[in-house]
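From first to last, the protein sequence lines are chains A and V.
Numbering that gives the first Met the number 0 puts the first residue of the first sequence at 0, with every later residue one more than the last.
Numbering that gives the first Met the number 0 puts the first residue of the second sequence at 0, with every later residue one more than the last.
Accuracy of the hints is not assured; some may be wrong.
Unchecked claim - Dumping the calculated BS3-like pairs for lysine-lysine here, alpha-carbon to alpha-carbon at most 27 angstroms:
#, chain 1, residue 1, chain 2, residue 2
1, V, Lys55, V, Lys272
2, A, Lys72, A, Lys59
3, V, Lys272, A, Lys253
4, A, Lys22, V, Lys117
The hints are simulated quantities; they were obtained by calculation from the structure and are not laboratory data.
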Amino acid sequence: MSKEKQIARRNQDTQLKIWNGAKVSALFLLMTIIAVILLFPYVFMLNKSLMTSSMVIDPKVPFFPDFSQLQWKNYVRLFTTNVQGHTFGQALGNTMIIIVFNIIAIPISASMAAFAFAKLHFKGKNIVFAAMMLTIMLPGIVTQIPLYVIYSKIGWLNTLLPFTIPNLFGGGALYIFLIRQYMMGIPNELIDAAKIDGCGYFRMYWQIVMPNCRTILIYIMVNVFVATWSDYYGPLLYMSSADAPYTFAYILFKNFTEGDVAADLANIRMAGGVFMTIIPAIIFVIFQRELTDSTVTSGLKG
Amino acid sequence: MEKALLSALSPRHRRKTNQFTRQEAIAGWLFVSPLVIGLLFFTLLPILCSIVWAFKDYDGFTVNRFIGFGNFIHMFHDKEMGKVWANTLIYTCVSIPLNLILSYLLAWLVNNNYRFTKVFRVLYYFPCVIPGVVNGLLWLDMTDNTYGIFNRMLQAIGLPAFPFFSEASTAMFSLLLMGIWGVGGGMILWLSAFKGISPSLYEAAKIDGANGWQRFTHITIPMSTPIIFFNLVTSVIGSLQYNGTLVIATRSGRGIDDSLYLYGVKIWFTAFKDGNLGYACALSWVLCLVISALTLLLFKTSKWVVYGE
Numbered sequence: 000m001s002k003e004k005q006i007a008r009r010n011q012d013t014q015l016k017i018w019n020g021a022k023v024s025a026l027f028l029l030m031t032i033i034a035v036i037l038l039f040p041y042v043f044m045l046n047k048s049l050m051t052s053s054m055v056i057d058p059k060v061p062f063f064p065d066f067s068q069l070q071w072k073n074y075v076r077l078f079t080t081n082v083q084g085h086t087f088g089q090a091l092g093n094t095m096i097i098i099v100f101n102i103i104a105i106p107i108s109a110s111m112a113a114f115a116f117a118k119l120h121f122k123g124k125n126i127v128f129a130a131m132m133l134t135i136m137l138p139g140i141v142t143q144i145p146l147y148v149i150y151s152k153i154g155w156l157n158t159l160l161p162f163t164i165p166n167l168f169g170g171g172a173l174y175i176f177l178i179r180q181y182m183m184g185i186p187n188e189l190i191d192a193a194k195i196d197g198c199g200y201f202r203m204y205w206q207i208v209m210p211n212c213r214t215i216l217i218y219i220m221v222n223v224f225v226a227t228w229s230d231y232y233g234p235l236l237y238m239s240s241a242d243a244p245y246t247f248a249y250i251l252f253k254n255f256t257e258g259d260v261a262a263d264l265a266n267i268r269m270a271g272g273v274f275m276t277i278i279p280a281i282i283f284v285i286f287q288r289e290l291t292d293s294t295v296t297s298g299l300k301g
Numbered sequence: 000m001e002k003a004l005l006s007a008l009s010p011r012h013r014r015k016t017n018q019f020t021r022q023e024a025i026a027g028w029l030f031v032s033p034l035v036i037g038l039l040f041f042t043l044l045p046i047l048c049s050i051v052w053a054f055k056d057y058d059g060f061t062v063n064r065f066i067g068f069g070n071f072i073h074m075f076h077d078k079e080m081g082k083v084w085a086n087t088l089i090y091t092c093v094s095i096p097l098n099l100i101l102s103y104l105l106a107w108l109v110n111n112n113y114r115f116t117k118v119f120r121v122l123y124y125f126p127c128v129i130p131g132v133v134n135g136l137l138w139l140d141m142t143d144n145t146y147g148i149f150n151r152m153l154q155a156i157g158l159p160a161f162p163f164f165s166e167a168s169t170a171m172f173s174l175l176l177m178g179i180w181g182v183g184g185g186m187i188l189w190l191s192a193f194k195g196i197s198p199s200l201y202e203a204a205k206i207d208g209a210n211g212w213q214r215f216t217h218i219t220i221p222m223s224t225p226i227i228f229f230n231l232v233t234s235v236i237g238s239l240q241y242n243g244t245l246v247i248a249t250r251s252g253r254g255i256d257d258s259l260y261l262y263g264v265k266i267w268f269t270a271f272k273d274g275n276l277g278y279a280c281a282l283s284w285v286l287c288l289v290i291s292a293l294t295l296l297l298f299k300t301s302k303w304v305v306y307g308e
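If we strip away everything but chain A, and leave its shape as in the complex, we get (with noise of 0.2 angstroms):
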């Protein structure tokens, strides 16, 4: 449409283009206007890590940190920061353990049964696949309970076990689904090959079908990164004790709701929700072009 636009543009006089050139500023403007108000919670956020403390608790509440003493050093002081017992940094560790393991754990896991579901003909497939899909559809407020339970009974609370350990056995059935769509989409002349030059079933799925699942993986490695990253809920149910791993969001959320919230190091916790953004955002930096391409969510319209 914009085209036609473009060439209907060319043809007409100076006066339209002034016209058009006042659409393009005002839609430009309007497009600004937004632009900044959604972002102005999170510049916000920025300024005051890098504010005094004095700063933070001035009545005046200023916008801008003061530029010539700019504090980077909150966010070298946030890694030491003690909450009942716990530092940022070691925290920052748990949730890297956790995350190492899942982002290996969880697309090897899905894509196993994925494999089966998508290139394997056997008996009872179909129905393991629909009691699959079934617990998609289960509000996830349903087991949150009994897990809790369960774990309490096996020593597993305050611990980082339910995190990962859980993630070995299918890792989640959503992530199946979406790389099942995908493998689908790989050639069976290509299974079939290999099966006539007698290649194994388990070769079959390492040699031949994960590497072409490269984009699928690496978009499932980056919303496992997210999510176990951003995840303040687990913990919230699974750490009760005072000397459980916290993780990093975890340790962010006990610091600004619970006991007394020193107004003074607002800016600390400012650095801790900067830090805490900047790592998300580099990923979908990067991987951009693996998180837009619609083949990985093609599975999930019509």
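Given chain A, put chain V in place with the hints provided.
Below, chain V without anything else, positioned relative to chain A:
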């Protein structure tokens, strides 16, 4: 998604009569065995427990006895439930249409090919990559009565201070206001719907003399219905379970005078603060039934959804 599910379930197995069939079956079961174990232990077992406990007075440790429908009957006597349902319904019924409309307007604004538009699309999506904890932290700070920048700005333009989350009457409004910052997610969905509409439809309509409004109501809206439907179903399911107020509302997610006490928080509170696991399970099954009924209703009344051209 439902189409793919149906096609996967349809009984057209390709009967393969070669010597690999048996081997293939063994391989297939080996590949899905982790998933099957996972489904049994982390889904089926919890579901069964939850069903049984819903009919029990159970605290996870000492108290453990059957009380029939006691938990379900208790819901009608539970004084908090009225407030919880009202809050949850207000939140669901306002936030979904609000975000659908605002994200449509935003998508419409950025649905052009000017070079600067691309940058704005990324900027508008940015708030959606912010973790929920950070949003909670940030909004609590900005809406603070003493040190909050919002009230400072209102003051600067001569308006009275607004209490935001610190007063029951304005808390829900503030929560909905906060939700507007996530409008970029809906924008992306709308844009992908627009992209799927063939330009030839618009050209044909133009030749037939349809004006802008007619093209909108007769082409853009009908052709976007699958996305609207998908969005509607997922957001109904999500909003009814929403417990994001845990990070923003005082009193462990309930808010002043329970003004932000949502169903999802009520379940969490009942189970983990009151230790009444049986009642919490019953509550979660009722929510599950409501969600299923609503989803079914949406699917049953989905004649307005247009698939294909």
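We went through each hint and held it up to the structure:
1. Lys55(V) - Lys272(V): OK: Lys55(V) and Lys272(V) at ~18 angstroms, within 27 angstroms.
2. Lys72(A) - Lys59(A): Holds, at about 23 angstroms.
3. Lys272(V) - Lys253(A): holds, 16 angstroms
4. Lys22(A) - Lys117(V): Roughly 18 angstroms between the alpha carbons, so the hint for Lys22(A) and Lys117(V) holds.
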